[in-house]
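Chains as they are written, first to last, in this note's numbering: chain E, 1 to 158; chain B, 1 to 158.
It should be emphasised that the hints constitute simulated quantities derived from the structure, not laboratory data.
Worth double-checking, as some hints may not be accurate.
Chain copies aren't distinguished; within one or between two, either way the pair holds.
Quick list of in silico lysine to any residue cross-link-like pairs, SDA-like style, CA-CA up to 20 Å [what the hints assert, rightly or not]:
hint, residue 1, residue 2
1, K112, M64
2, K112, E89
3, K24, E68
4, K112, L19
5, K16, E141
6, K106, N67
7, K112, I123
8, K106, T10
9, K106, A58
10, K16, A58
11, K72, L23
12, K71, V36
There are 2 protein chains.
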Amino acid sequence: MTPTPETELTPEQLSKARLRLWLKLLRASGRIEDEVRRRLRSDLDWTLPRFDVMSVLARQPEGMKMNEISKKLRVSNGNITGIVDKLTEEGLTLRVPVPGDRRAHKVCLTPKGEDVFAEHAAIHEGWINGILGGLNSDDIEGMIRRLDQLDLTLDEGR
Amino acid sequence: MTPTPETELTPEQLSKARLRLWLKLLRASGRIEDEVRRRLRSDLDWTLPRFDVMSVLARQPEGMKMNEISKKLRVSNGNITGIVDKLTEEGLTLRVPVPGDRRAHKVCLTPKGEDVFAEHAAIHEGWINGILGGLNSDDIEGMIRRLDQLDLTLDEGR
DNA sequence: CTTATATATTTCAAGCTTGAATTAAAATGC
DNA sequence: GCATTTTAATTCAAGCTTGAAATATATAAG
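Given the sequences, and given the hints that come with them, work out the whole structure.
Here it is in structure tokens:
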């Protein structure tokens with residue numbers, strides 16, 4: 001299997017192919033996201049924004065500042081304020097003042113928050129494993145490689 | 001290059017790999033979507049929902065019923081009602097009664113709507129071509145193949 | 001026929017998200 | 001020091017989206 005040389009496609013054809021790819025990428029990720037959202041609600045009585053916030057916090061045991069969370073999740077600051085407010089009311093997160101900067105707080109999961117998230121995360125991983133079950137390790141490796149490349153391209157365009 | 005046999009990974013490792021893939025898929029498509037949304041607003045003074053509706057209508061010159069549009073775009077019926085209301089006020093779409101079914105209307109682009117969309121679509125394609133510029137035809141073909149497969153998997157799980 | 005069920009669309013209240021304005025504190029420049 | 005600019009977080013009004021209820025019509029069953 002010789003790799004097809006890029007020159008087989010005209011720039012116009014390549015542009016159309018990239019557009020088709022984008023539409024398929026959007027469709028697939030949208031369908032998975034809808035499915036995850038639906039199961040979070042029906043199986044766990046949870047929402048995706050709450051899951052996402054706890055997910056990034058779980059990876060940073062030392063906590064994250066509000067603006068770090070919103071940057072990571074690409075949503076507005078005010079949005080994160082509201083979500084963390086509610087999670088904190090429920091005893092799942094904690095605002096810890098940052099020594100030496102009285103404007104900032106580090107948000108952490110409480111032990112209860114860690115427990116709840118660990119449970120959700122395991123179930124979530126099971127869903128994804130089922131949804132992506134049709135992809136073998138070659139498929140996965142191939143897509144990850146290209147998605148990483150895409151991610152770098154997006155960094156450049158800033 | 002021998003294909004890596006699937007058995008090299010334990011089911012646990014495969015599950016983790018699928019999860020990583022999903023996170024990267026979500027990240028890439030979210031970043032592109034944000035970028036498209038931003039440029040639609042700043043360069044064309046337009047919104048993604050409006051663009052999406054016109055986009056599906058442009059592919060169906062005979063028109064589409066409201067529920068067909070909402071199913072295609074995976075958004076609520078009521079949402080489409082609002083968007084088509086505004087597009088119609090602006091003379092870009094038209095509600096045509098369906099003969100023999102007084103409940104239904106087919107929504108079409110007006111000639112003006114077609115013109116406006118053609119202009120937007122060309123610019124949009126240019127953006128996508130730039131954003132995905134780092135992917136060659138092999139990359140594109142490889143991703144499309146796997147995304148199609150994923151799409152089929154999602155159909156099964158219904 | 002007529003009742004029941006299904007389909008097409010709209011309306012609307014509730015919740016989510018954004019972006020701009022605000023408040024407060026820290027960092028920088030002179 | 002003092003003024004300016006930047007950074008962190010919150011508040012809030014406007015717009016978007018959903019899901020459920022309402023309306024109207026069509027189809028199916030008896």
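Would you pick out the hints that fail for this structure and give their numbers low to high?
Violated hints (numbers, rising): 4 and 8; every other hint is consistent with the structure.
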